[in-house]
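Engineer: Here the sequence shown is numbered in the numbering used here, starting from 104 and rising by one per residue.
One or more hints might be untrue.
[As the list claims (entries may be wrong)] Restraint ranges, calculated between C-beta atoms of paired labels, are given here:
#1 369 with 276: 27 to 35 Å
#2 376 with 432: 41 to 49 Å
#3 316 with 259: 48 to 56 Å
#4 302 with 226: 37 to 45 Å
#5 432 with 296: 35 to 43 Å
#6 194 with 368: 41 to 49 Å
Read the hints as simulated data drawn from the structure, not as lab findings.
Here a beta-carbon is modelled for each residue, glycine too, at the ideal position from N, C-alpha and C.
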Amino acid sequence: MKKIFLLIPVMMLTLSGCNTNQNSSNKENYDVKWVTPVGAPTLAFYDQGENENWLSTDSPADVIPGAFVANNYDAIVFDGLTGLNLINKNASKSHYALARWINQLSFYLVSTTHTAEEAIAADAKIDAFVQTGAASQALRRLASDSSKGWEIGELTNVTYEDGVNKVQANITSSDTAFDYYLLAEPVYTLTKAALAKKGVTLNTIKNLQNEWYSAYGAYIPSAGLFVNTDSLNAHPDEMKAFINALDSRVDDLVDNPGKAKDALLAFESKKDGNVQKQFGIGLPIVNQLDVLQVTNKLGFMKEPQTTTSNMNYANGFADALRDGEDLEPVYSDNLFVNI
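Modelling step: build the complete structure from the supplied sequences, incorporating the hints.
Structural biologist: Laid out in structure tokens, this is it:
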């Protein structure tokens, strides 16, 4: 697997993953090429650490949005709603459609100075991540919704970081700098353990997935897999095999996480193997993977998925954000593909 470094220009990054055989008719030798951010969704490729056709990036905002337009990859993993919005925005240029939701992460509002029994003030100082991301959107909606949410009102003092790892760094370096922090698994588990070693208790104030489902009967989406429809038409067998392999790995992560753990540790033991660098998942999480996944804390989705179910899943969240009774769906079926 190739790894992106921040100093390489974005254009070079895009070209480095370029699929020059996009229209090749030689199916026997065709290799599916895909790009992902580092982080929890990469566990769905737990046995692919040495695959040179996989490009991972620790700067997804700089790389992946352009990939949706450049048409250089057979598949892209990205925040599902962001990807759908990118396709909608660039409908005439994009060649991608969502084929799978990979996971629905657990998101938590936490604090070291407040407890779950205390009322959250509208002007409470909150450290969150990615202002346009699903977790931050859900946080704002739950806070302001007077009929189904927390009846706090509009949050007026939220800082938005580029990613959840920045929130983690802030809370572990100064756990009282903010009243509340927004975290996602597996960072939540790591942060709780790190603070406990310092004698600091991390209080879980709200589980956003539970709160969202209770309020709206829907879930907060996370990562999605987008496939290149040109590649699917030109190389249907190889693309379907790629998807089937992904489905099998997701099944393992839910039902047999020890298999994924063993594969990741085997990769780490190789001369050039580095799970943290390649997957963005530290060894502490890898070593706990079978324990974490007893209750599927990373939210991997193994249920059968269709265009209709995937579209309804996205629109369920979108409708809750906008009080969407009797409104036109945000995401239409042309943004999705059955495989």
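Engineer: Which earlier hints turn out false for this structure, listed by number in ascending order?
Structural biologist: 3, 4
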